[in-house]
Each structure stands twice: as C-alpha cells, then as structure tokens.
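*Asks:* In order, the protein sequences belong to chains A and B. Be aware that the first sequence starts at 1, since it is given in the UniProt record's numbering, and climbs by one per residue. Be aware that the second sequence starts at 1, since it is given in the UniProt record's numbering, and climbs by one per residue.
Since the hints were made in silico from the structure, they are not lab data. Worth double-checking, as some hints may not be accurate.
[Stated by the list, open to error] Across the chosen pairs, the derived CB separations fall in these ranges:
# : chain 1 : residue 1 : chain 2 : residue 2 : range
1 : B       : Thr28     : A       : Leu115    : 44 to 50 Å
2 : B       : Phe192    : A       : Val137    : 31 to 37 Å
3 : A       : Tyr337    : B       : Gln250    : 28 to 34 Å
From a predicted model like this one, the values you see are computed outputs, not experimental measurements. Positions of the beta carbon are idealized from the N, C-alpha and C atoms, including for glycine.
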Amino acid sequence: MQRTRVVSFEETRRKHGLTVLSVLAVLIIIMFIISVNTGYIRLTPLELLNTLFGKGTDKQELILFQFRLPRIVISILIGAALAVSGAVMQGVFRNDLADPGILGINAGAGLMVMLMVSFYPTTSAAPVYLLPVVAFVGAAFTAALIYSLAYKRHQGIAPIRLLLTGVAVAAGMSAAMIVLTLRLDPDKYQFVATWLAGSIWGTSWKFVLSLLPWIVILLPYVIYKARVMNVLNLGEQTATGLGAHVTREQFRLLAAAVGLAASSVAVSGGIGFVGLVGPHLARRLVGPKHQLMLPASALLGALLVITADTIGRRILQPSEIPTGIVVAVIGAPYFLYLLARTKS
Amino acid sequence: MNQQAVSRNGLDQRAEPLKLRSRPWAATLILIGGLIALALGIAVSVSFGAADIKLSVVWTAVFHFNPDITEHQIIRELRLPRVLGGVMVGASFAVAGAIMQGMTRNPLADSGLMGINSGAGFALAICFAFFPNLSFMYLILYSFIGAGAGAGIVYGIGSLAKGGLTPARLVLAGAAFSALLSALSEGVALYFKIGQDLAFWYAGGLAGTKWFQLQVMSPWVIAALIGAIILSRSITMLSLGEDIARGLGQRTGLVKLAGALVVLVLAGASVAVVGAVGFVGLIIPHLTRYLVGVDYRWIIPCSAVLGALLVVGADLTARMINPPHETPVGAIIALIGVPFFLYLARKERREL
Numbered sequence: 001m002q003r004t005r006v007v008s009f010e011e012t013r014r015k016h017g018l019t020v021l022s023v024l025a026v027l028i029i030i031m032f033i034i035s036v037n038t039g040y041i042r043l044t045p046l047e048l049l050n051t052l053f054g055k056g057t058d059k060q061e062l063i064l065f066q067f068r069l070p071r072i073v074i075s076i077l078i079g080a081a082l083a084v085s086g087a088v089m090q091g092v093f094r095n096d097l098a099d100p101g102i103l104g105i106n107a108g109a110g111l112m113v114m115l116m117v118s119f120y121p122t123t124s125a126a127p128v129y130l131l132p133v134v135a136f137v138g139a140a141f142t143a144a145l146i147y148s149l150a151y152k153r154h155q156g157i158a159p160i161r162l163l164l165t166g167v168a169v170a171a172g173m174s175a176a177m178i179v180l181t182l183r184l185d186p187d188k189y190q191f192v193a194t195w196l197a198g199s200i201w202g203t204s205w206k207f208v209l210s211l212l213p214w215i216v217i218l219l220p221y222v223i224y225k226a227r228v229m230n231v232l233n234l235g236e237q238t239a240t241g242l243g244a245h246v247t248r249e250q251f252r253l254l255a256a257a258v259g260l261a262a263s264s265v266a267v268s269g270g271i272g273f274v275g276l277v278g279p280h281l282a283r284r285l286v287g288p289k290h291q292l293m294l295p296a297s298a299l300l301g302a303l304l305v306i307t308a309d310t311i312g313r314r315i316l317q318p319s320e321i322p323t324g325i326v327v328a329v330i331g332a333p334y335f336l337y338l339l340a341r342t343k344s
Numbered sequence: 001m002n003q004q005a006v007s008r009n010g011l012d013q014r015a016e017p018l019k020l021r022s023r024p025w026a027a028t029l030i031l032i033g034g035l036i037a038l039a040l041g042i043a044v045s046v047s048f049g050a051a052d053i054k055l056s057v058v059w060t061a062v063f064h065f066n067p068d069i070t071e072h073q074i075i076r077e078l079r080l081p082r083v084l085g086g087v088m089v090g091a092s093f094a095v096a097g098a099i100m101q102g103m104t105r106n107p108l109a110d111s112g113l114m115g116i117n118s119g120a121g122f123a124l125a126i127c128f129a130f131f132p133n134l135s136f137m138y139l140i141l142y143s144f145i146g147a148g149a150g151a152g153i154v155y156g157i158g159s160l161a162k163g164g165l166t167p168a169r170l171v172l173a174g175a176a177f178s179a180l181l182s183a184l185s186e187g188v189a190l191y192f193k194i195g196q197d198l199a200f201w202y203a204g205g206l207a208g209t210k211w212f213q214l215q216v217m218s219p220w221v222i223a224a225l226i227g228a229i230i231l232s233r234s235i236t237m238l239s240l241g242e243d244i245a246r247g248l249g250q251r252t253g254l255v256k257l258a259g260a261l262v263v264l265v266l267a268g269a270s271v272a273v274v275g276a277v278g279f280v281g282l283i284i285p286h287l288t289r290y291l292v293g294v295d296y297r298w299i300i301p302c303s304a305v306l307g308a309l310l311v312v313g314a315d316l317t318a319r320m321i322n323p324p325h326e327t328p329v330g331a332i333i334a335l336i337g338v339p340f341f342l343y344l345a346r347k348e349r350r351e352l
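Please construct the entire structure, taking both the sequences and the accompanying hints into account.
*Replies:* Below is the structure:
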C-alpha cells in the first residue's frame, strides 16, 4: 500500500517534469522566432522560412545567416552551458550560493581581459579575436590554480576548502582588477565594463564552432552523470558508503563544469547570474533529482539568455544593453517570486 | 578503500568534540593583545604620512591641542578621524559578517548578502547619474538609505513565504536581489559612462573621513556593537541549526530580526562612509573562528578587534606603498587577506 503510493508519487513527478521540459522547449522555439525577427531590419516569419530554405534575397540571407543565427545559437549554447555548470557546482559543493564564479572563472577571465586591454595600445581589431582565447586561458588557469591550492595530499579535496580557496582567489583577482581599473583610460574602461557586464558580441560562426565541441561533449557527459550527482547530494560520507568514488567523481564533474563555463565566459563575458539562478529555478520546477533537473537547467538557461539577448537588442535600438544585465533584471524578479511562493 | 574512508571518518568524529570547544583563553589573549596592537597601530598611523610627525607631538596634539601649530591641525583634522574611521569600519564589517555567517550557517555569507552593498551601490549610481552635483553628505545619506532599502527588501522577500525566513531563503533572496541591483547599477553606469567614478568610490577609501561623519555614525555603530554582543549567545545557538535553537527555547524569528537590524546598522554605516570593503566581513569571522572556537560570545568581540586591526593596518599600508598617492584600501585588504585566507582554508576543518 505504502509502496504503491511512493511509486506513483515518483511517477507523477516524472510526468510533471517531462511536461515542464517540453513546455520549456516550446518556449525556446517561440523565443527563437521572435529573436530572429528582432533587430534593425525585420524579417516576417514567411520571409524567414523562405530564407532558411535558400529562397530569400541576398540581403536577407546575409542578415539571417551571418548576423542573427550565430548570435542566437551562441546565446542558446552558453545559457545551457552556464546553467548546467552552475547546477554541477551547487551539487558538488552542496551550497546554494555556488556558481561558476566559485572556481574563479569570471574573475580569472575578467582579469586577463583587463590586463590585455590595459597593456594593448589600442582597442583595434586584433584583440577582439584574441579576447576569447585570453579569457578562456584566464578562466581555466584560475580554476586549476584554485583546485591545486585547495588540494591536500592524503586528504584530496574537501568541498569546503575548495569553496573558501575559490572565494579568496577570486577576491584577490577582483582587487587586482580594481587597481587596474583606476589607471585605465575611460574609453578602454567602457570597453572592459561592457565585457564584464556580459554581452554576446562574438557573432560569427567561428565562435559557434569554438563553443560547440565543449558543449556537445560535456553537456551529455554531465547529464549522464546525473545519478552520481544524486548520490553525491546525500553527503560525502553517505556517498562513500553507497560505493561512490567521491573524490574522483567530484574532480570529473568539476572539470566538466569548468570546461562548460570557461568556454561560455570566453564568448560572452560575465553572464554569471544564469549559473546561479538557472539551477535553482529548475529545482523549483522539477524537483531535486538530477536526471530531470540537469536538462531543465539547460533549457531554462538557454531560454533565459536568448530572451535576455532579444530584449537587450530591442529596447535601446540601435544600441544594445549588455545581455548579462538583462539576464539579471528579468531573472532575479522571477526567481524572487518563486522563492516567496514555494516552500523550501 | 571504502573501509579506509569510513575509519578515517570515524577518527574525524572522535576528534570533532575537541575541535568544537571554544577557547576562552585564546580569546582573552586576542582581545588584550589585539587592543594593544590596535593602540600601537593607531599611534603609528597617526604619526606616519606625507608629513612625518613625532609621537610626542601626536600626544600633545591630542591632549594639549594648539590650533596655531600646523602639525596639530593635520592630526586633529585629517589623521585622527581617518584612523578612527578605520577602526569603526573594520569592527563593523567584521561583526556584521560574523553575525551573517552565524545566522545563515553559510561560510560564504557576509553583509553584502543582505543587499546592503548593492543597495548602496545602486543609490550611488542613481546619484552620480542624475544629481552629479550632490554634496558629500547627501551622497552618504542616500547610500545609507539605499543600503537600508536593499536590506529591507531582501528581508521582506525572505520572510514573505510560508514557513517564514529560513537561512537558505535569506541567502538566496539576498544573492538574487543583490545581483538584480548590481545589474541595474552596471546598466546605469554604462549608459551614463560613470563607471570609473563609481568604481573609485566603491573601491573604498578612508581618506575623506570627517569628524562630522564619525559623530553621526558612532552612536549607532556603538549601539549596534553592544547589541551584537548581547545577541551573541542567541547567535551561537542559531549557528547550531534552527531546529536546535528552537528546541532550546529560543524565539528564532525575533533573534533573526534583531540580527538583521544590527547587521544593517553596522554594514550600512560603514558602506556609506568608506564604500564596500567587503572582504573584511568574510575573512575576519573565519579567522576568528579558527582562533577562538565556535562560541559567538567570543567570536563577536574578537572579530571586532581583529577587523579594526586589519583595516587600520591596510590603510597604513595603502598610504605607504606609493606616497603621496593612495592605493584603494579594498585592494590592500584583499592583498593581505587572500594569502592568509588561503592558509586558513588549508588548515581549517570545521567551518561554522
């Protein structure tokens, strides 16, 4: 009797979760269509279809394939990647405040970008193509530095130690950035500030290609590890008792999360909020089981960034609001609303 | 492999009660030694600067003030308020951080989590953008109002839901609302191109501290510090977990409200005067907990002393590095704090 009830509860939750996932997917498609239509030159849905199947004018094809599509694809990819990366961080650290920034990814990338901009003579074309590389190197290097600083022989890695080390290193880098900020000339500062606020400016297929391998490999890998993450969530001792190789799994998951976040940050700048709020939203919509929660995070993150990017392009035409700002402005109120409504 | 891990955990558990004990003798030592070091630090800080002044002159300037001597004027009008401001701000941020970490049981918590820093930052961004000619006093006033509004909204949203204000909810509401406010200020700053001015204010500097600010702030800060010490016993209980605290007969809702008010006054006043020197509130409570154990009756006063010491020291360093220019205090604090914090993170076992 008792048992059937438990099973049916699981079943309803799964069904509910699948409904949520499909609703999110439909919303992303709708947003996609709206986003393609948003911009200085508008394309009607019919023109869009025509252009997609190769029957549009040259101008329409240029706009769609060279400007809008890569940008939209990028925003979907980084949204998904950052949200899943945040979900992994929150799962491994078992801390609600964890996000990709915890391993210093934003700080590392930001510091490198700032260093480069402040020592590069002009903001000409060269650094724009170098920037993602530099940002990625900074992010990955910082994550590795934090991990090795927190590593202790015989004890491996304890989440709490990693967390505190991460906070400290990130604070140090922010301090260095403040010092650099003050001696930067205003034009360059404006450039760096826009970068830090998070804006999707890599709008060519080159960036999509550089992003794609990370996401195609790491996203399925993390979702495949969902069951391991469920076990890790029970606490280290329980997980060890259940036969999980805790340290090894933690390392693999964190490495995957760093790869996802660093490749996204390189293209988009500091859209950190997605990684914090995406997983929480997902958890509130589909429950804590990672099999559902991770895909839901990915979809939510993608939806959030594509929506934010569309709004950011729309409001102050022809200038743009950095996507990171819009993400926080639309994501935070919804999150606060959910927080006030649901029981923890 | 598993067996090994389990037995190691067993060892940990046996060692834990020892770790949990508070260390009153260490705390007393820190209080006394810290106060002496603080007095020395103040003396050095007052005598050292662009114009070097002998300690004996400092003494006479304080106790036999003669307005005709320039050095006395420098000490009275520039150096003393600055160093006292440093003491006040350091103690405030450290105690506010300790209370936040105790209440939320989250090692990453500090006063910024109550929406205080971001509220003040947003108010400042609005002021810089729309009322660029505002006087210093009004800037401080508005940034305090911003801090208060930020904290009030975070607290309100956190306690709106059924089941009241849980630590998890406070932390999440704080993080989300802070992110929202920071994004808005960033947007305003980018649009009006005032980012660099804001960054300079925000980086924190004690240079402009005036007697007048100290007069306005100090009664509140002192009252809040006393309040924190009165609350410290309840916060120790709360840090064991809400259920345990309630089981011990505590009215947790009341304690949390009082704690939030104390944090608001301490951090709000400090942010308004010097900007966000956030790292103090994060690092000092951890350091203190490592030194004196888990009893907040000792953590809170020791945090106050150590926080004051750190800020005074950092301010002194900030003036020494590249005279007569000043480096932002926030950067120096991070510079001193980070290696130390890294060391602690390696040593420490129990975090709260």
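*Asks:* Are threonine 28 (chain B) and leucine 115 (chain A) spaced within 44 to 50 Å by their CB atoms?
*Replies:* Since the Cβ atoms of threonine 28 (chain B) and leucine 115 (chain A) sit about 46 Å apart, the hinted range of 44 to 50 Å holds.
*Asks:* Do tyrosine 337 (chain A) and glutamine 250 (chain B) keep their Cβ atoms within the hinted range of 28 to 34 Å?
*Replies:* holds (31 Å)
*Asks:* Okay, phenylalanine 192 (chain B) versus valine 137 (chain A) on CB: inside 31 to 37 Å?
*Replies:* holds (33 Å)
Of the numbered hints stated above, none is contradicted by the structure.
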